[in-house]
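All chains, please: the whole structure from these sequences, using the hints.
Mapping of the sequence shown onto my numbering: residues -4 to 126, in sequence order.
A few of these clues could be false.
[As the list claims (entries may be wrong)] Only pairs whose alpha carbons sit at most 27 Å apart, straight line, appear in this in silico DSS-like list of lysine-lysine:
hint, residue 1, residue 2
1, Lys106, Lys17
2, Lys52, Lys90
3, Lys17, Lys71
4, Lys106, Lys48
5, Lys88, Lys48
6, Lys61, Lys17
[Unchecked claim] The following label-pair restraints were derived from C-beta to C-beta distances:
hint, residue 1, residue 2, range
7, Lys52, Lys(-3), 17 to 23 Å
8, Tyr104, Val42, 29 to 35 Å
9, Pro63, Met(-4), 26 to 32 Å
10, Arg26, Ile55, 22 to 28 Å
11, Glu103, Tyr1, 27 to 33 Å
These aren't lab readings, by the way, just hints derived from the structure by calculation.
Quick reminder that beta carbons are idealized off the backbone N, C-alpha and C, glycines included.
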Amino acid sequence: MKASVYHLQINVTTPSAIHFYKELLQYFEYRIIDEDEEYLGMTNGTVDFWIMKTEEKHQIKKFHRKDPGLNHIAFKVEKKEEVDKFTKEFLAKRKIKTLYNTPKAFPEYTKDYYAVFFEDPERIKLEIVYK
-4 MKASVYHLQI
6 NVTTPSAIHF
16 YKELLQYFEY
26 RIIDEDEEYL
36 GMTNGTVDFW
46 IMKTEEKHQI
56 KKFHRKDPGL
66 NHIAFKVEKK
76 EEVDKFTKEF
86 LAKRKIKTLY
96 NTPKAFPEYT
106 KDYYAVFFED
116 PERIKLEIVY
126 K
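Next comes the structure, spelled out in structure tokens:
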């Protein structure tokens, strides 16, 4: 039996984090399925993202990628130049700092691996990769 990822839900604490994902996903040509002040659903026709504002009672523990669970989410692009373009057009424009002195090549992963890493407003690590 084959399966693929259908949707992901990311819980956030602020409306600004919802707005961040709206801009990020629109940059990658995702379209809005549904939205209001406390959630956002977007799709590219294959994978859906649901960004949900977490209830206050669940906002006690902050996310850290080294804890058990999710480490990061990677978005694959078709050309190496698109990683650099995203870095300039999206990250630099919003003054979002990159991690690990990226963008750069990671030959230890695969021969053509080239990526930029950064964090969302909740400190979830995100990656834009060409390989």
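Evaluation of the provided hints:
1. Distance hint between Lys106 and Lys17 is unfulfilled; the C-alpha atoms sit about 32 Å from each other, more than 27 Å.
2. Annotation: proposed proximity of Lys52 to Lys90 is violated, straight-line Cα distance about 31 Å (limit 27 Å).
3. Between the alpha carbons of Lys17 and Lys71 the distance comes to roughly 18 Å, so the proposed pair stays at or under 27 Å and holds.
4. Under the criterion of a C-alpha separation no larger than 27 Å, the hint pairing Lys106 with Lys48 is inconsistent with the structure, at around 39 Å.
5. Pair hint Lys88 plus Lys48 holds up; C-alpha atoms about 25 Å apart against a cutoff of 27 Å.
6. Our distance criterion of 27 Å between C-alpha atoms is met by Lys61 and Lys17, whose separation comes to about 26 Å.
7. Take Lys52 and Lys(-3): their Cβ atoms lie about 39 Å apart, and the range 17 to 23 Å is violated.
8. The supplied range of 29 to 35 Å is broken by Tyr104 and Val42, whose beta-carbon atoms lie about 22 Å from each other.
9. The hinted window of 26 to 32 Å between Pro63 and Met(-4) holds, with their beta carbons roughly 27 Å apart.
10. Look at Arg26 against Ile55: about 34 Å separates their beta carbons, and that is not inside 22 to 28 Å.
11. For the pair Glu103 and Tyr1, the supplied restraint of 27 to 33 Å holds, since their beta-carbon distance comes to about 31 Å.
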